[in-house]
Amino acid sequence: MKALLRNCQHGSDVYITMDYDSIGSPKHVYKSSSTFNGVQSLNNEIRGAKWYSSLNKSLLDISVAEETEFYCKLKSTYINGITPLYYDGFSKNKKYIYLIISHYCKVWQASTPINELYNIHGDLSIDNVIFNDSLPVIIDWEHFNEAIAPIGFDSLNLIFEQLWFDDKKLNPDTLLELSEMLKLLKSKNCLSPIFWENPLKKTIDFISTHHNIWENQADKLPIKQFSDQEVIEIDSILTKILNLNN
Amino acid sequence: MKKIIFNNIEKNLQNSGYTKNKSGFFESGNSGYWSNLDKDENFKFIELLHKFTPLEAVRKFIPNQENQIFSEKREAALELLDITNESICIDYGCMWGVMSVGMAKRGGIVIAIDQTEESLEFLNARKKYEKLNSLFIVQDDIRKVNLKEISDFAVVNGVLEWVPEFGDVELKKFFGKKMNRDYPTSNPKDVQIDFLKRVKNNLKDGGKLLISIENRFDYTQFIGKKDPHVDLLFTSFLPRFLSNAISKLILKRPYRNYIYSFKGLKNLILEAGYKKVDLYMVFPHYHMPELILPYNSGINMYKKYYSLRGVSFKRKIVWTIEYVLMKYLRGKFFSSSIIAIATK
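These protein sequence lines map, in sequence, to chains P and C.
For what it's worth, numbering that gives the first Met the number 0 labels the leading residue of the first sequence as 0, then goes sequentially.
For what it's worth, numbering that gives the first Met the number 0 labels the leading residue of the second sequence as 0, then goes sequentially.
One chain only, chain C, in its complex shape (with noise of 0.2 Å):
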């Protein structure tokens, strides 16, 4: 059954347009570029992959990132989802690809997209070595994918703040770094609604949309730390109007990475066309969630979650806060991360 789908999901691919290429990946023409590394670092990480094994290539180039890539606790939201032998998984944006193995690993035959040439030529270097067959690679404009209902589930996990963001982004070069070029006059938000109407298109009726992105209203944005898109205070949570202009000001280009409050986020899945959206709460962020509570009635499990020996002081003083504002002020509004289930 699993090799009828397969081959379905082969010749939709080849109908919708894109191309198999040598090392196996499907091309649509559209490619772009948004990577933690460089364009001249990603080519020396690449060359590594012909003489290593994906994790040992990352562990001599970028080990700093090695749980970001292999850690399984990044794909722990996928535990909300039912994904099962044969679920069909978008994964948007997928990056190096994560949650795409972990969709794979549950027994989901995988369409892993993003627009980077040299992260899926790493996803393709892992899904050799750890024989994940039942991975499809893609490479096209996230923003422009058109397989009509064919997932049974979407994952777009930390990509919804960057789908308004147009050009490549070399992000050691982008956070925080002055960069003047031009955007189209759309509004950031109509941008991430007419993705999420695309995404929903792709989806089969019932099928389950997973959103993880950082809470517009996050405890530590008011206690100092700055935007995580654009490396500025106070631009996740001010009116769009003073960011922008902010943002302007200091760094020569619009405020375009939009995140939203729980409200905020509901309403514009909701605005894009599905029928119905859970929202949970996650700590300490969505990168390696400790904690994911449903946000209607799940601020009475939250519990200590780490332990203070060892870390630094104002770690300390960060997680007594959040510790104060959610387990006694019951202050879910506040949590750093949400992660959206929604349903067409």
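Okay, chain P solo, but in the shape it has when bound (with noise of 0.2 Å):
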């Protein structure tokens, strides 16, 4: 038996299908589009989980089931574990988010840039990662890049997702806990100095100024939701705390 989990949602084009076994557990999880945006993204899907997974031995096991003209269906092992709820926000995730950050950190620093510019996975959200047994695997690839963003960006705009959604996101104590995960990753060479200022700005701009990689998706972006004044005030606490040290 199989089941239709997503149709095309979001501005996106994809569909996602599961199938199970005669007990009912899940087998295998199906990403297919029909549409030549939704066929592209595909492309980058099976494109960025081969990268992920060269540089780091992970669960996701990708391949190409069906391919026409017009239609591309990729088939992956389903991973057994669970995916924080994006809608929690930072202060109830954050033990997830270190957990990511440190496997950000792990992989990135095993690629080789172009020009000072890395890989994006581009949707790094809290929901594309599942956690089996507290070990991540980034999933759903669909706006990977190569060689666009400089060190960071992804871990920047899963923190800024998660901190949109958490109630208190001026409160200090929140911002003072986002800077720790800010210095870990500056400690780990993991975030390039163009972020060290105004990090929070940078970050949408990079999105505002890379439109093509999210389409009609860019402006739904999460991050894109905060309004000028919170993003002036977040950053100069940031921006204030990155550039203690230096």
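Wrong hints could be hidden among the right ones.
Short, incomplete list of chain P residues facing chain C, as computed with Cβ under 7 Å [stated by the list, open to error]: (1) 10; (2) 14; (3) 16; (4) 33; (5) 69; (6) 70.
A few chain C positions that, by computed beta-carbon distances, are all more than 12 Å from chain P [said to hold, decoys possible]: (7) 0; (8) 19; (9) 69; (10) 172; (11) 218; (12) 230; (13) 245; (14) 263; (15) 289; (16) 294; (17) 312; (18) 327; (19) 328; (20) 330.
For the chain C half of the interface with chain P, some residues (derived, Cβ under 8 Å), not all of them [said to hold, decoys possible]: (21) 74; (22) 75; (23) 79; (24) 84; (25) 85; (26) 292; (27) 293.
Rather than coming from a laboratory, the hints here were simulated on the basis of the structure.
No residue lacks a Cβ here, since even glycine has one placed at the ideal position from N, Cα and C.
With the hints as a guide, dock the two chains, each given alone in a separate frame, to form the complex.
Put into structure tokens, the structure is as follows:
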């Protein structure tokens, strides 16, 4: 038996289905599309997943199951684990965010930049990570792009997404905790100096100037929902903390 | 290989009595009319296809139908079938062809059948414009198609409930409107079973049939939504004799658009001689499904698939009822639509 779990949601052109064994346990996850944009996304997905797997022994195992001139279907083995709820926000999810950041550093440090530009996942949201025995596996590589952003972009996107969903996003304690994460990234050389000043604005600016990566989904990203005033307030605190040690 | 199959199908169609017309589609001599558009409207719409692309013509003439005709969300149920390159598929009652195009894009060699010439002309224009060369377009009464054991897959999408309807249907003049006309004395259920048997005969052994249809006990019918085929209150779930009496009283015609519960649909399909039936719940409706879950084991996978932001108060109430009904009360029997996959 199969189930359709997502039908071209959030501006995407991709279907997500799963199949199950005779006792109802999930076996495989399929992503497919019959539109030009959707097929392009799935091509990105397979390139991204292969790149990720080449740098990190992960459970992610994706292959092309069907391909025609107008259609593509990818198949991956179901990964058992938990996915934190994105709407719980930064404070409730910080344990998971730390684990993802450590994982990010491990993977991206092993990669080779071109002119200081690194590959990006492009949608490193907390619900695109599965924790298998507390080991993060990054899934959903549809927005993968090669050698396009300074190191740290995906982690910042994740952290600020979670901040946006937090009830206390401007609380000093929350921002202090967040800055600890940025310092961790910095200490591991996984935060480009470009992001040391006004990291939130710089991350938003990157998305705005690379609209083609996200197309009609760009303006729906949580990070783009911060008001100008919130961006200024958050950045002023983070910039100060990040540059204290310099 | 695909070319050989292609030639065989063409030969098979000709041997079954179809003749190729100058537009390139196959005719049986059987025709009829079922369309959301009136005949006059359809004539004007088809005229536009001489000047514009199919998408432009839709946007100019019936913009509110664009999603129904072109949206890839409509074809999502096809993901339940394993259509591969060289699969032979029949779309019964294809209308404007959203499922036929979906199957062709997945690599299938598709026989798209409908009685309405205007709908087929639109599909033919789309076929040419999008270079969907593996699409055969056939005009016939779907109750009479005889293509013995030709297909791997069959799709009956929103069609089974219309099979017992005889005579032309211009939907706007039919839906909830009085219409006194003659019907055969046959029971609608028997007509549906005969049709399903014919579909089965056209499937290869092990071939699969996908049926999409509204649930007779769709929860929305109990909170004020009218019967989706005749626009009357309660007729979908009342005993048939009562629905028939109401329809005769208000619409001056018998109630014939039978839809079924999960169990009822399964029994109907088994009665037509299929070996196995898998049932699925569909939310919010099979037209634009967001979730398709196995009926037996899938209710625990039900999840919120919508945002309540910016929707009407009425819609919020309906979705909240659905959420409580499915998530907490496990009321799968009341899901809005059903998909059945039957195996010959």
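Closer than 7 Å between Cβ atoms is the bar; does residue 33/P clear it against chain C? Give me holds or violated.
Nearest chain C Cβ about 4 Å off; hint holds.
For the hint on residue 292/C, does the least C-beta distance to chain P fall short of 8 Å?
Because about 5 Å separates residue 292/C from the closest Cβ in chain P, which is inside the 8 Å limit, the hint holds.
Hint check: is the beta carbon of residue 74/C less than 8 Å from a beta carbon of chain P?
With Cβ-Cβ at 6 Å, under 8 Å, it holds.
Would you assess whether residue 312/C, listed as outside the interface, keeps its beta-carbon beyond 12 Å of every beta-carbon in chain P?
Non-interface label on residue 312/C holds, nearest chain P Cβ at 23 Å vs cutoff 12 Å.
Interface hint compliance - residue 85/C to chain P, C-beta minimum distance less than 8 Å
11 Å, violated
Hey, is residue 19/C genuinely clear of chain P, shortest beta carbon separation above 12 Å?
It holds; residue 19/C is separated from chain P by about 25 Å at its closest Cβ, greater than 12 Å.
Should the interface hint for residue 69/P be scored as holding, given a Cβ-Cβ cut-off of 7 Å against chain C?
4 Å, holds
Taking the closest pair, is the beta carbon of residue 218/C still more than 12 Å from chain P?
20 Å, holds
Hey, does residue 289/C actually stay past 12 Å from chain P on C-beta?
About 5 Å separates residue 289/C from the closest Cβ of chain P, which leaves it inside 12 Å; violated.
Least C-beta distance from residue 328/C to chain P larger than 12 Å
Residue 328/C is indeed farther than 12 Å from all Cβ atoms of chain P, at 20 Å.
With 12 Å as the threshold, tell me whether residue 330/C passes as away from chain P on beta-carbon distances.
Holds: least Cβ distance 18 Å, greater than 12 Å.
Given residue 16/P was flagged as interface, is its beta-carbon under 7 Å from a beta-carbon of chain C?
5 Å, holds
In summary, the numbered hints that this structure violates are 1, 9, 15, 16, 25.
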